[in-house]
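Taken in sequence, the protein lines are chains P and A. All letters in the first sequence, in the order written, are residues 80 to 377 by this note's numbering. All letters in the second sequence, in the order written, are residues 80 to 377 by this note's numbering.
The hints are simulated quantities; they were obtained by calculation from the structure and are not laboratory data. No false leads were slipped in.
Quick list of the computed label-pair ranges, beta carbon to beta carbon: (1) Glu340/P with Thr214/A: 28 to 38 Å; (2) Ser248/P with Glu247/A: 20 to 30 Å; (3) Leu139/A with Asp164/P: 52 to 62 Å; (4) Glu101/A with Lys344/P: 38 to 48 Å; (5) Glu286/P with Asp337/A: 46 to 56 Å; (6) Arg351/P with Lys272/A: 30 to 40 Å; (7) Thr354/P with Arg173/A: 25 to 35 Å.
Small disclaimer: the values here were computed from a predicted structure and weren't measured. Where a beta carbon is used, it is the ideal one built from N, C-alpha and C, also for glycine.
Read off the chains here:
2 protein chains.
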Amino acid sequence: MKTYVAVDLGGTNIRAAIVDEEGKILEIKKDKTEASLGKEHVMAKMEELIASLGGLNEALGIGLGIPGPTDTINGKIILSNNLPDLIGYPIADRIRKRFNKPTFMANDVKVAGIAEALLGEGRGSNNLYYLTISTGVAGAMILDGKVLSGFHGHGGEIGNMTIDPNRESIGGLNKGAAESWVSGPSIVREANKACNKKFKHAGEVFEAAKSDERAKAVVERFKDDLAVLLAGVCFVCDPEKIMIQGGVMKSAGEFLSDVEERMRKLLFPGMRETTLAYASVEEAGLVGAAMLAKSELA
Amino acid sequence: MKTYVAVDLGGTNIRAAIVDEEGKILEIKKDKTEASLGKEHVMAKMEELIASLGGLNEALGIGLGIPGPTDTINGKIILSNNLPDLIGYPIADRIRKRFNKPTFMANDVKVAGIAEALLGEGRGSNNLYYLTISTGVAGAMILDGKVLSGFHGHGGEIGNMTIDPNRESIGGLNKGAAESWVSGPSIVREANKACNKKFKHAGEVFEAAKSDERAKAVVERFKDDLAVLLAGVCFVCDPEKIMIQGGVMKSAGEFLSDVEERMRKLLFPGMRETTLAYASVEEAGLVGAAMLAKSELA
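Bound-form chain P, shown alone (with noise of 0.2 Å):
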């Protein structure tokens, strides 16, 4: 049995792990990330709990998932809020020199997106897509079980895309970038003002919706948002499923379908045979780690 390190490098916690090729975690180290002490703590710990992982003398190569923008090709953070004091820092050339085995950095949604390519819902399909609906929208290409990275290392980087350049732009984004409209956040700040209300999350408002119009109107306007994100992904990519992870898919009950019926409406009719599914890898961030390694080792 092939087995991989996978590390979860978060802004709270950093996690080390052996998984197996089949994606079954066979031994975890968790430690916390402190990343207000630097850099050179934060990698001193990362190397601490690798060494300690007992079956790391096995292990094929090393699998990093770092979230934000990352540099695939040279192995380093390119934007991050979370670990500003290791943006540019070369993480993935120091894990390879100090443990001497073939070291892979992707961020968390293209790690996700790996695991369920290769563990879940997309298994067998050579053209997946991959999305998170969540605090922020991030999406990866999957190509014959490989990410696509892109030229810069933004391919996937679908949340700061226009759906409507008539809408005003926030936080920096774009005008009416999808992550602007689409997101947890967006649906809760719409929603607020349109009912006049303080909903806590998305999942509220979807529930509001069953009895409200005005919430209503917020869903149904996210759906044809989505739709139009999702369209633009397939006129450029043609996938065969997108899996769709992230905090908002907990009232996917409430919406995918309608998505998935607006989405094909936009394309050609030789091309609605693309599904949205469900994500379904548990541990994605850490497993699909260990899958970005076997993934660029096979």
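Using the hints provided, position chain A relative to the given structure of chain P.
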């Protein structure tokens, strides 16, 4: 020197050629398509043309370039105004069996994109986008020298991508579809409306925009719309270069640098090295059919 058979099947003419691996056309034959006489007639013509090529025996494979959406996996035409009788017919299979050579088929835009990737502006890059802006608008993603067809063979049909959902639907496309606002005919349509004139082609509109504010407004909107479309492509696949071809590019001097600047403003700072380039390969439709065979046999 390796050689390939290239076939360019058009609504008016069929051309068959022997092309070497560097894209040099060594031999070329041409005949009328006469599509109205039915698929058997067209297929027999194609076979005759190929059979008449002196370099046929030595050729390693056959590439077919076909207009419109094409099922590259099964080698069939999906949709066609000019060749309706051939829709769904197993063109590639028949040619493969008749000549006993590996045979590949893709639409004319994808084929031209491969030519550009292997021989032209895209040489040396492994992540490219190719776009035609002519009567229609369509694209092709070229990764590691191979074109992305997509699950249904519709990858690259970005003419139907929504760039502004508030605009009308034209010719059966989606509301605010790219092709309805950045194609040659769309520029002429909008300028005729704005200026109450009868422009013949987009080049006249770009010329008029130098002195007529109303024509200028049409051109400025075209630039904004094209920037939104291209930025959308970048957010999905983050290409190194976007190579553009088509009739509207005759006026590229009047818009391309502005579009590049506006596109970059829409991108995240770390993505702004992506360049717009003129497609440069001559006879890309024919030469690209050979490059399709070369790339698939590589």
